[in-house]
Every structure is written in structure tokens, then in C-alpha cells.
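Single-letter residue listing:
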Amino acid sequence: MIAWVPVAVPALVGLITLMLGETRGRARNAVNLLGAIGSSAVVVSLVRSAYAGDTFTSRIPMLPGLTFGVSTDLLGLLFSAVATVLWGVTLVYAIGYMDHARDRARFFGFFAWCISAANGVALAEDPISLFIFYEVLSLTTYPLVVHNGTPEALAAGRKYLFYALGGGAALLVGVAWLASIAGPTPFTPGGALGAVAGRNNELRAIFALMVAGFGVKAALMPLHGWLPGAMVAPAPVSSLLHAVAVVKAGVFGIIRLVNELYGPELATSLGVATPLALLAAATILISSVIALRQDDLKRRLAYSTIAQLSYITLGTALCSPLAAAGAVAHLAHHAVMKITMFFTAGSVYETLHVKKVSQMPGVARRMPLTMISFAVAAFALAGIPPLAGFASKWLLAAGAAEDGSVWAVLVYVTSGALAIGYMVPVLTSALRPGKHAPAAGPESDPRMLWPIVAVAVLTVVFGLTAGLPGSPTHWAITAIAPSFGGWTP
Amino acid sequence: MLLDHLPALLVAVPLTGAALSFVAGHRRAPHVALVTAAAIVALAVALVARVLDAGPFRYAVGGWTAPLGIDLVADGASALFIVLTAIVGMGVTLYATAYFRTDDETAYGHGLFWTLWLFMWTSLNALFLTGDVFNVYVCLELVGISAVTLVTLSGGAEALRAGARYLYASMLGAMTYLLGVALLYASVGQLDMTILADTLTPDVTAATGLALMIAALVLKTALVPAHFWLPAAHGSAPSPVSAALSSLVVKGSYFVILRLMLYVIPVGYLGGTDVALGVLGSVAIVWGSVQALFQTRIKQLVAYSTVAQVGYLFLVFPLARLGADAFALAVTGVLVHAVSHGLAKAGLFLASGSLMSRFGHDRIDDMRGAARSAPVLTLTVALAGITMMGLPPSGGFGAKWLLVSSALAGGAWWWAAVLVAGGLLAAAYMFRLLAVLLADGDAVLGTPASAPRTEWVPLALAAAAVVLVAAVPLITDLASASNILIRAGVTP
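As given, the protein sequences belong to chains P and S, one line each in that order. So for the first sequence, our numbering puts the first residue at 6; every next one is plus one. So for the second sequence, our numbering puts the first residue at 1296; every next one is plus one.
The following block holds chain P by itself, in its conformation from the complex:
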């Protein structure tokens, strides 16, 4: 039963939040924060158990011959921990950000439900359970995308649904098809499809359908169109959901699909891994170039997210152990880096009403701590050592090189340069003198400032501790090793 806690606690928090209604703000904040702290504590203890080799599994019967279950393996817990811990940080930020907003009960309620669904995606023990949580995630995100209720938000919501439900339909067909030929296939490191090996064309089609399903949330081109539009949502949504929980659910699905459903060996021998890798590589380059030209800060970050998500997809699709581990580590590292930047963008907008890069002169002097945090995250994203992004990118590039995929190394190097190209102008623009005078008091609402500093510090810590047990890098290597027959670096 303990395995359900990371899913159940946020779900319960969401329900209570909605039932408390709009007016009881203090109770709402207390329930949400306590829920986040409590489930973070449980996830941490589950991680300790998993490191010691104890995983918990719990399942309930659902449809004839099928169960609905979760399992606390190390790989799933990595995503679960990222989502749960950052939920707590984002809550503090969101309480500040949404201070004067309307419909806060709806906002925080669905926010918690999204985290519940993301945890479900992380811990689901088989493709069907994962599909169910994946669809719940699509649905619970919709009210947050359209939260402002403006025609612009509604249009973005419509677009989001079009992509998400279309992808969900593809995933449903893939999952149902697989179940009809293979029966239950719980995720197993190295692959779970031994029983149906040989039905190659069917397996290729199922792989394609599932990639189409996960590819929507992973913003794999050409399925990325919804993400820039969804930036119309309030900043906490862009930060946690559209940089961490929702989009990572897509890449996490691809990680499970390649490493633990098909297995790297089968994915390679079927010839499905290479097309996926090429698609991801194209996504990285195209979206990085588009990011260079975005003046709207959140849109620039969104295109950067599209590129970084495909780092993870590419690393996974290379089917080399180092790159696969780098991909998993990058899932955590990109989360802290990108959430820092979205927090910053939201804080700058909420404090100074600055949305565009070209309007940023003076911001660095007006909000120094905020912009230092942004700079740390930006350098980390560009892969400057010893920050978080360096560790995962090093693994990704080394894996590609080990695999003999020189082209993939080139893609990583080129896109690193492009990342500097789209991040540095933000900093130089902010450093230029401008109309914003230094503040006399605090630079922004402390409930927004300190979460930004906290996630920026995490970016440094994850980079410095990359070699130590418990760091995302070490964790990723431990979690991915069984998929490659107990490989050690």
C-alpha cells in the first residue's frame, strides 16, 4: 500500500482543496504544504529502500485479466521525487504568485491532481497503468492551461487538447494492441516482450503508436505545437507542469518504452531506435534555432524546453548505457534548471510586468538575486562545468561517442553552443542599464524569491555531487544499469 502514497496524497490534497472552496485560503495553503512535505518524506524513504534493493508493488484488479498497479523502482522514483519535491517548492512560489488571483481553489486543486497523475506515470508498473495516469494528467492540466479564461487561453487549451487527446488515442491503440498479443507486460529492465519476439512488424507499429502518444508530451517535433501556446498559463503552471511534470511524463514514457518494455536490444534490432534518435536530433537543432529568435521570454524558454526534452529522447534512443543514464540524469537536472528560469520569468513579470527579452534592461540591478539565479541556471543549461547540466550532458555525449554515433555528439555540441546563443542575450539584456531603478526594500515577494534561490542552489549541488550516491547522476546510473545486463561505468 505504501507504494500508492505518492499518488494518493496529492490526489487527496486536491480533493480537500476543491472542497474547502475559494474563501478558506489559510487552510488551503496549510493542506497543500503539509501534503507536499508529507509525500516528499515518504518518497525519500522509498528511495532509501529502493537503493537497498527493496521495492514495493501494489496492484488492484481492474479489467478482465488486467491489473492497475504501481511499483517503487529506482527509475520511477527518480521522476516521482523530482515531481513531488519540486511541487513543494512551487507551492510556496505559487502562493506568492497567485496572491491576488481569482479561482485559487480550482488552481491549487487541479495543480495537486496533476502531481498525483505525474507520480502515477512515474510509478506505474505496466503500460496500461501508465496510460491511465497519462490520460489523467492530460485532463487535469486542461483547467490550468485555460485558467485565465481569456479567449487566448481558451484557444491554447483547445490546441493542447487536440494534441494531448490525439496522442492519447494513439497510445491507447498501441497499449491495447500490445495487450491483445502479449497479455500483461510489466516493465522489466532490459525488456518485457520476450514472449512475442518475432512478430516484428506488429511490434514496430506498436512502438510507433506509443512514440506518437508519448511524443506529444515530450514535445517531439512535429508534435510540439501545443507547448509554446500553453505558456499562456500562470507562471507556476509553466514552471512545474510545462517544464517538469507534464513534459517529463512524455520523455519518461519513452524511457520506459525503450529500456524496460522493448529493451535496448530489441529496440535496436527492430530498427525503431534510430528513426526515433534522428527525430529527436532534428527537434534539438530546429527548436534551438527557433529559440534564438523569440523575444517573449517564456516562449524562448518553451523552445529551449523542447530542445532539452529531445536531449533525453535522443540519449534514450541511442541505446547505449552511458547515454541512457545521462538521459535519466538530465530528466532531473533539466527540471531544476528550467524551473529556476520559469520561476524567474514569472517573478520578473509579476514584479515589473516585463515579458520580453528586449524590455529587460535594468532588471538585473532591480532584482539581483533573481537574475543571479537565472544566470546559474542558464550556464548550467549550456553545460558549463561544474553545474548540473554538465554532468548529464557529459554522459550523453560520452555515450554517443562510445556508441560510435559521431553525428549525435555533434548534435549535442552544436546545441550546447546554441543554448549559449539563446541564453546569454537574456543576461546581457538584463545587465544593461535601464529604466528599472534598484529597489529600496526586498526585490520581490519573498515567497517568490526564496524558491528561486532554492532551485538555483539545487542546480549547483546536483552538479557538484554528481559522483556521490544519491545524486541524480549516480541514481540514474544505478537505475539504468539493469536494462543493460548489470553494466557498470
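By construction, these hints were calculated from the structure, which means they are not laboratory data. A few of these clues could be false.
[Unchecked claim] Here chain P is said to cover these stretches of chain S; the calculated rule only asks that three of the stretch's residues, wherever they fall, bring their Cβ under 8 Å from a Cβ of chain P:
{"no.": "1", "region": "1664 to 1670"}
{"no.": "2", "region": "1681 to 1693"}
{"no.": "3", "region": "1701 to 1713"}
{"no.": "4", "region": "1766 to 1774"}
Here a beta-carbon is modelled for each residue, glycine too, at the ideal position from N, C-alpha and C.
Once you've looked at the hints, dock chain S against the given chain P.
Relative to chain P, chain S alone:
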């Protein structure tokens, strides 16, 4: 032992309630109805328990067995439909106590609602329990007459026009069905379904009779292209009536089709009827959804959604011919669909009724901001929408999964494509409605004194449709205890 008479009680109790509500007067009639509804729920649960425990059983009315007397037949499928009717019926009754609360004795044909509603409930229970094709005719007529009268209860011109059209369709259906029964009887000399199933031999007269009966039932179930009467009738009736009609009454005639097609009529006896019904069902899914997408009035949207959702019910017939695995999965799936649609659609119609009375109009585009001022109703629409789209976790998802699995197990992917496309179309029209409710707006809404209580009823029904996915194992057991699967010798 009283429980041995469960089938008879399930007819006798609502009939007694109907009679009592007529003499009780308009103030006490709601109380009579509530007590009756509670009793039926208890009896329905007892019937489910009994069928799960001991399997299907026959009940000879008055001690006379078929072919001399009339047998009632209780199996897993009939128990399921009866318990669905009981739960939705309870919700409709609770909602109606507030909906029809007014001191004006002439409004809504006052008092008459309760008698007609309990009488329709009686007829539906009888229809689900009858084991004899002539009694089906009697029950269909009784359901039809009470339903038509209920539609016209508000007395408005639009309701009367819709009621007249509904009456003609209903009469046409009943007469066609009776003609079919006459031909069948002339040829075979039997009316009991089980005896018919055992004795049917190839014969043109019998086949013609059965074909006429199926056609008549298709008209009553409003399968495209015979749906022309439904949107007006369901859209203009008082909301509790709309809920009962869309959720339960169409299922009554459908239930008979299910029994005839998969239990009585041998495979291939009626040529390509299986596939033809499946194709019409697919057309219904597309046509109903597209029509729903373009409706500007909320109850019309919901009514067209029924046209689409009815289509799914007919996909079972081609799927059932794809082998033993596909048969069991398809029958179970369609039973889950019938129940989840019944719960969700009742919730949706009742919520639409509440939205209309809060806004004072039924124009979808002018309902902006409802999420802020009527969150419970908005949540109801959302939950009902999820199950109609077949998205997890909901009963509709359980049904879609089973039906898709059936299609894939039978190697007929095109039916799976229809199912998946239907879900996306449902998303299109439901999210069009939800987007308006979530849009920014400060509608000043009236809050009728009865609002809080009535608004929790639709929410409970829609939530039940969503958590129904957890009851799929139970429905699977009931499907295994249905005569259809027992006769076919398959288990899900």
C-alpha cells in the same frame, strides 16, 4: 420465502407506488415516490446478489410455466439493467422532488408526474425481466405511452410537437413489432425466448417476423437513421424526464435487441444484420457527435450526444461474431457502456437542467463563467464528459477498452478505429461546452432555494459513472451470469 418472488416484487412494488401516488395527492406523492424508489433499490441489489450467487433463474407468474404461462427471466444482464434503473431512478426521483416543488397545482400537470414516472419504472422493470416476445410488446407500449405523456408534461407548444412526433414513432415501432411477433408466432407457434432459441429453424416467415421486430426496436432505440424523434423529445422534456428517457428508456428496447440478436436468433439466421447494425452504429457515433458539436442549446447537445452514444451499443453485434474471446469481451464491454452511459447521461441532463434554471436560458454561448458561480454543476459536466469520451479512469474507459480489445482479439481493427475516433469526437463536443463554462465571465445567476440539494444528485450520478471502472469486475461477473454468455459457452 419472500426473496423467491424478487422478479414479481420488482414489478409489483413500483406499480403499487404508482397507484398510491395517484391517490396520495400532489403534496404526499413525492414521499410515496421516494419510499418506492428506496424499496426498488433494495430489491434490485437483492436481485444482483441472488443472480451472482445462484445464476439465472426463471419465475413462473402464478405458478404456470411456459409455454402455458408467462415466465419472468432474471439473469446477469437483466439484474444489471434493473440495478442501473434503480440507481438512476433514485437520482431522478430525488431531483424531481425539488424540480416539481411548486404550490401552483396546475404547473407541470402536477402530481401526474409521480404516477407516470413510477408507472414507466414498472414497465421498464417488467421489460428487463420478461422472457417472452409478446410480453415485450406489452411492456414497450406501456413504456412508450408513459414516456410520451411525460415529455408533454410541461404543456408548451414545443413539448407538444416533440411529444406528437415521439408518439408517432413509438406507435409505428410498436405496430411493426407486433406484426413481427404475429408472423413469428404463425410460423413457430412459440413466444418464449428460450423455447424460440431452441427451436428456430430456417424459415422465411419467421425470419421476416424477426427482422421486423429488430427494425421496430431499432426505431425505438433511435439508432441512426431512425433517430429523428429523439433530440426533440429528449431536449424539450422536463429535465428529470430527459434524464430518464436518455439514460433508461432507450436501453429498454436495446436490451430486447441484445437478447434477440445474441440469444434467440442463431448465427447467420438474419444474414448480414450483425454487420449492418454495426455500420449504422458507427454512422450514429459520427453523425450524432457532429450534430452535437453544432448545437447552440445545451439540452439539444446532450440529446445528440445520446444519438452518438447509442451507436456504441450496436458495435457489439459485429464484434460478437469474431470468435469466442471477442464475443465475451464485446458483451461485457457493451454492458459496461450501457451502465456508464446511463449514469453519466442522467447526471448530464440533470446538470443541464440546473444550469438552465440558474441562467434562465439554455444558450450554451451565454453560459460563460459558470465554473466560478456553479462549480458543482461544472464538475458534473466534466465528469460526465470524461466517461462519454471513454477516458480513464471512468466506466466509459472500461467499456472502450473491452470493446477495443474485442475488436483486436477478433483481428478487426476497423471497429477499434471507430471506437477511438468516437472518443475524440465526444471530446470535441464536450470540451466545447466545458470551455464556455470555464471561460472568464461573471454571470449573475439565480439560486433557486432548492439548488444545493438538487445539484448534488447529478454530481453523484456522474461521479458514479467515473468510479464505475472499479466495478468492472462486478459487471464482468454479471455478464458471466447472463444467459447470452452461458448459452454461447464463453466467459470473459
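Now the hints, each set against the structure:
Check on the region 1664 to 1670 of chain S: 4 of its residues sit with their Cβ under 8 Å from a Cβ of chain P, so the three-residue criterion for coverage holds. Using a Cβ-Cβ cut-off of 8 Å, 7 residues of the region 1681 to 1693 of chain S lie near chain P, which meets the minimum of three, so the contact claim holds. Under the rule that three or more residues need a Cβ within less than 8 Å of chain P, the assignment of the region 1701 to 1713 of chain S holds, with 3 such residues. Counting residues of the region 1766 to 1774 of chain S whose beta carbon lies closer than 8 Å to any beta carbon of chain P gives 3, which reaches the threshold of three, so the coverage claim holds.
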